[in-house]
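S.K.: All chains, please: the whole structure from these sequences, using the hints.
Protein chains: 2
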Amino acid sequence: DGNRRAGQEKSDRCAACHGAEGKAIIPIYPNLAGQNAPWLVQALQAYKSGARSGGQAEMMKAFVAGLSDEDIDDLAAYYAGLKP
Amino acid sequence: DGNRRAGQEKSDRCAACHGAEGKAIIPIYPNLAGQNAPWLVQALQAYKSGARSGGQAEMMKAFVAGLSDEDIDDLAAYYAGLKP
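Chains as they are written, first to last, in our numbering: chain A, 3 to 86; chain B, 3 to 86.
Hints were generated in silico from the structure; no laboratory data involved. Keep in mind that this is a model prediction, so the values were computed, not measured. All C-beta atoms in this analysis are idealised placements derived from N, C-alpha and C, irrespective of residue type, glycine included. Take every hint as true, because none was put in to throw you off.
Straight-line alpha carbon distances no greater than 30 Å define the calculated BS3-like cross-link-like pairs of lysine-lysine that follow:
hint : chain 1 : residue 1 : chain 2 : residue 2
1    : B       : K25       : A       : K50
2    : B       : K63       : B       : K12
3    : B       : K50       : A       : K25
4    : B       : K63       : B       : K25
5    : A       : K63       : A       : K50
6    : B       : K63       : A       : K63
7    : B       : K63       : A       : K50
8    : A       : K12       : A       : K63
9    : A       : K85       : B       : K25
10   : A       : K12       : B       : K25
11   : A       : K63       : B       : K50
12   : A       : K12       : A       : K50
13   : A       : K85       : B       : K85
14   : B       : K50       : A       : K50
15   : B       : K25       : A       : K25
16   : A       : K85       : A       : K50
In silico negatives: residues of chain B with every beta carbon more than 12 Å from chain A:
hint : residue
17   : N5
18   : R6
19   : R7
20   : A8
21   : K12
22   : S13
23   : R15
24   : A18
25   : A64
26   : F65
27   : V66
28   : A67
M.R.: What follows is the structure, given as structure tokens:
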């Protein structure tokens, strides 16, 4: 399972679109606060693998390319722990 | 923009996994309550177009195959309007 504190430290680049507290800055992006961690892991892995393609998915693919499985678990734990 | 009431009427098949109030029944699925409507539209359209593939995306692709753009807009409006 991921580490929330480590996830927070890794979340700077996410915040530009998903907000400092996991509330998206504009509604074309999803809120992440309080989302289920296993789902977030699956979504991030899908961007990384290319299972999600086209449009904004290409942006996400670039962002997650450098993330390890541990990074992804940590980020998921962090956002899951935020108040929706 | 979508119609919340119409979306609710179309949401029966969604509720089996995403919950009657948009809270996923198990955490491998995402919560939808309070999610941003434009994001939900984009996600549903991505399943429909095949831009999301593999794993659970194949299940979603089957579910959304019969949805019109209006259906998708209505469902997004419905879930966006639920309390997170």
